[in-house]
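Engineer: Chain B is already provided as a structure; the job is to place chain C on it using the hints.
If you're matching them up, the sequences are chains B and C in order.
So that you can map any letter, position 356 of the first sequence is 356 in our numbering, and since no number is skipped, the others follow by simple counting.
So that you can map any letter, position 51 of the second sequence is 51 in our numbering, and since no number is skipped, the others follow by simple counting.
No lab work stands behind these hints, which were simulated from the structure alone.
Keep in mind that this is a model prediction, so the values were computed, not measured.
Where a beta carbon is used, it is the ideal one built from N, C-alpha and C, also for glycine.
Heads up, some of the hints might be wrong.
[Said to hold, decoys possible] Coverage of chain B stretches by chain C, computed from C-beta distances (three or more under 8 Å per stretch; other residues unrestricted):
#, region
1, 294-308
2, 347-353
3, 372-380
[Stated by the list, open to error] With the Cβ distance kept under 7 Å, some of the chain B side facing chain C (calculated, not the full set):
#, residue
4, Glu37
5, Ala41
6, Gln342
[As the list claims (entries may be wrong)] Ranges between beta-carbon positions, derived for each pair:
#, chain 1, residue 1, chain 2, residue 2, range
7, C, Leu358, B, Val430, 24 to 30 Å
8, C, Asp397, B, Leu464, 25 to 31 Å
9, B, Glu34, C, Leu358, 28 to 34 Å
10, B, Pro65, C, Leu358, 33 to 39 Å
11, C, Ala205, B, Glu76, 34 to 40 Å
12, B, Leu434, C, Leu464, 42 to 48 Å
13, B, Leu358, C, Phe287, 21 to 27 Å
14, C, Ala171, B, Glu120, 49 to 55 Å
15, B, Pro202, C, Leu358, 53 to 59 Å
16, C, Glu37, B, Leu21, 56 to 62 Å
This is what each chain is made of:
Number of protein chains: 2
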Amino acid sequence: MTPDRREKEKSVAALVAPDILDLLENEPSSIAAETEELHPADLADVAELLPRELVPRLLTALAGPRAAAVLEYLDEELRSEILEAMDPEEAAVLLAGMTPDERVDVLDEMDEQAADEILEAIPAKERAETERLLQYEPDTAGGLMTTEFVSVPESQTVEDALAAVRGMARAGRREAMGTVYSVDAHGALTGVLSLRELLAAPEGARVADVAWSEVVTVPVTADREEVAQLTSNYDLVAVPVVDAERRLLGVITVDDVIDVIQEEQTEDVQKFGGLEALEDSYMNSSFGELLRKRAGWLMILFVGEMMTAGAMAYYQEEIATAVVLALFVPLIISSGGNSGSQATSLIIRAMALREVRLGDWWRVVMRELPAGLALGSILGLLGVGRVLLWQSLGLYDYGPYYIRIGLTVGFSLVGVVTFGTMTGAMLPFVLRRLGFDPASASAPFVATLVDVTGLVIYFSFALLLLRGTLL
Amino acid sequence: MTPDRREKEKSVAALVAPDILDLLENEPSSIAAETEELHPADLADVAELLPRELVPRLLTALAGPRAAAVLEYLDEELRSEILEAMDPEEAAVLLAGMTPDERVDVLDEMDEQAADEILEAIPAKERAETERLLQYEPDTAGGLMTTEFVSVPESQTVEDALAAVRGMARAGRREAMGTVYSVDAHGALTGVLSLRELLAAPEGARVADVAWSEVVTVPVTADREEVAQLTSNYDLVAVPVVDAERRLLGVITVDDVIDVIQEEQTEDVQKFGGLEALEDSYMNSSFGELLRKRAGWLMILFVGEMMTAGAMAYYQEEIATAVVLALFVPLIISSGGNSGSQATSLIIRAMALREVRLGDWWRVVMRELPAGLALGSILGLLGVGRVLLWQSLGLYDYGPYYIRIGLTVGFSLVGVVTFGTMTGAMLPFVLRRLGFDPASASAPFVATLVDVTGLVIYFSFALLLLRGTLL
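So that you can see chain B by itself, here it is in the shape it has in the complex:
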């Protein structure tokens, strides 16, 4: 990762912020003109740098549609907070200017009473649209879709369809307008074509003649992950959302899909790190939230790991007789955890991308078993080498049975790494089979599973190879 443009851009926002602060305090009327050249996303960055109480003043100073555009790029929590603090009438004007899907996202984040007050002040048409969208769960296709899309009767001519698009565009509808959907007499979706294809269509043609009939759709109740998967598989820029009768209810635009992909990925990384996924970004999460999401798993893992104390107690006589055995305990069990973490990361990601499915478990076994044996053998040789080298250099005296000790370490590593690899590779399958999220197979989870068995493997080899000598 190289220092990036965004890093620089943030400092552009940081550079502009003092000027805007100055204008806000002295000449708010000139702000709209002075910031004309800034992208709304950059203006949103500036707003995030301002003292919170000044942000409403900035939004008021900007022209209506511009303020709404800035709101669309603003941090979700911040914008809800700001709108809650504003006069409901003023907030309603801003909200009405936002795209329907973003408007719903804002209201979902808000305190219910404040949301209701603002909703009542929104013009009737936008209010009805918003209330309809608010019914859907935020993490479903219905919760992601916008109602700003273009559908035309399939029997229409290309010219009429173009005129309809032009009319809607001139009316200020902004989203999902690059794609045109055709519907039959019952309102069911029958085809799709891009605006570019509509433009290129021969004059006099009917929409039905030029639209593609192979439309990829999602049901309104579909999980957002499914939406992301379809978008990526079919290279879509907009995903039509339909009801059971295949009537077009809305369209999900690709920018929202990208947000979903990023959020899902954040969840997966956090789960893999061994905590519950945060609801919010790291910096915006409260200290209490941070603790709660971490303490749960940490305690579960700790209780699981307590079994190592039991396993160690079981072998305490061997440890007392040959203290040298204790020296390699951390080295051996951590190698099992590390190899398990590698295997798990490979499999959960391959599952998330649908490259590996539940039914592929046997193929995975046939790759991971030899991989585990090979990796274990490499570490085993290193382990034997370590013992022999320290002995011959006089760094440590393992006594007369140093070769047997070396072999115990070596064979244990083969066993532990193979076991760790298999556990790491199979855990996501087991979790999915049981109906859990395979991404819950975190690195610490795998390590904990492997540690107890690792101790048993190690001491078993010790008993086998050292009995009658050291033990």
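Structural biologist: Relative to the frame of chain B, chain C by itself:
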């Protein structure tokens, strides 16, 4: 994660595949008509299920543009393999029908000689276009961009611009056509507007009057991560790529950006799991590749972890005197590793999303230090409780000093978890500061760093609390 549509769809492809296989063998001429209703992405799925030697026959049986569309969705390695095996003339026809950016991706994957042969057979215009794109590194903006885009002189009227778009669309150009770019007399990019905005523009207006002048661009040499970041920040559907004189060289479409985001995320997860990122998908990676990418880090971590053997040897007299101390070694060091893994996953993801920057390290310290202390105290109490409970239930006899042993375990856990949390949180900052990828701060890496110190913390508390009693 619920069983998803894609899971079902794969079986649709699996369902259709036998029929297509049958047609291929008996009636190849009817294939184009019979598969008309299938999305090219689904046809590509079918192709991936067929015996490899039949795939070229399927492509030949489909009409030209359709075969090219299927190729665009086909697994990258498979399609390069198939085209390499085909007659160069035939392969050239298929390649010429693909979009310029996909064409380059295919050639990049191929054996150089085969690529050259096919390139020579491609029509001159497409060949020149392809050769120009081949100059750029695949992981840069230049390597991602397509040359199929629309730019118009800013002095043109809206009507002329629309006519130009229509002309290009009718000529079969397919990509990045929802956005129109305006350029000045020197060819420098001056504005952007969507096709929808072009349609909505008042008659007689000039492009310069209606285009947005705040165009977000990337330099042709920009890293693909930067492209992904911009697309996501500015909700773009196409990213214009410019040279140093701001001349428009190409456009990156959002479907390619989604692929980049997915690939980068795969790399990050694999790195976090403690291996080098794979070049290819898990299932398509060779066994040798799988081993190589894992063995390197596993060996480095093993050598690092060897220091635990040294640390244990340093305290072996204490262990010999009080074997009970050895029992808690795995429990204590693993708790440090687990809390470190949690903190690292939070920070590397926040860094990847640019929520946390290098300069934020102090703010992170001020959150993670209390978090570590709190989490350590929770585990410490559990640890003390474990010792007292086992003692009182008679499950294990820790002897007359069981309270001191319990306190040693408890204080050590506070220390180890706090240290693990801080190490996990700071390692990504240190790596980034040193110019490395912060995502290299894998869970096993953190655990290894924490293990040695964890031992020292534990035995130091033991010496402090047990000296004169057990020690």
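Engineer: Establish whether the coverage given for the region 347-353 of chain B by chain C is satisfied; the threshold is a Cβ-Cβ distance below 8 Å, and no fewer than three residues must meet it.
Structural biologist: Satisfied; 5 residues make the cut.
Engineer: Kindly confirm whether 25 to 31 Å is satisfied by the beta carbon distance between Asp397 of chain C and Leu464 of chain B.
Structural biologist: Once the Cβ atoms are compared, 29 Å apart, the range 25 to 31 Å for Leu464 of chain B and Asp397 of chain C holds.
Engineer: Take a look at whether the Cβ-Cβ distance between Leu358 of chain C and Val430 of chain B falls inside 24 to 30 Å.
Structural biologist: violated, 40 Å
Engineer: Is the interface hint satisfied for Glu37 of chain B? The criterion is a beta-carbon contact with chain C at less than 7 Å.
Structural biologist: Check passed: Cβ of Glu37 of chain B comes within 6 Å of chain C, closer than 7 Å.
Engineer: Hold the hint about Ala41 of chain B up to the distance rule: shortest CB distance to chain C must be less than 7 Å.
Structural biologist: Because about 5 Å separates Ala41 of chain B from the closest Cβ in chain C, which is inside the 7 Å limit, the hint holds.
Engineer: Given the range 33 to 39 Å, decide if the beta-carbon distance of Pro65 of chain B to Leu358 of chain C lies inside it.
Structural biologist: At 36 Å between Cβs, range holds.
Engineer: Residue count check for the region 372-380 of chain B against chain C: does it reach three with CB-CB under 8 Å?
Structural biologist: holds (count 4)
Engineer: Taking 34 to 40 Å as the stated bounds, is the beta-carbon spacing between Ala205 of chain C and Glu76 of chain B within them?
Structural biologist: This hint holds: roughly 36 Å between Cβ atoms.
Engineer: Check whether three or more residues of the region 294-308 of chain B sit with their beta carbon closer than 8 Å to a beta carbon of chain C.
Structural biologist: n = 11 at 8 Å, threshold three: holds.
Engineer: Does the beta carbon distance between Glu34 of chain B and Leu358 of chain C stay inside 28 to 34 Å, or does it fall outside?
Structural biologist: holds, 31 Å
Engineer: Should the hint that Gln342 of chain B touches chain C count as held when the rule is a Cβ pair under 7 Å?
Structural biologist: With a minimum Cβ separation of about 5 Å from chain C (threshold 7 Å), the hint on Gln342 of chain B holds.
Engineer: Could you see if the CB distance from Leu358 of chain B to Phe287 of chain C stays within 21 to 27 Å?
Structural biologist: holds, 22 Å
The structure shown violates just one earlier hint, number 7.
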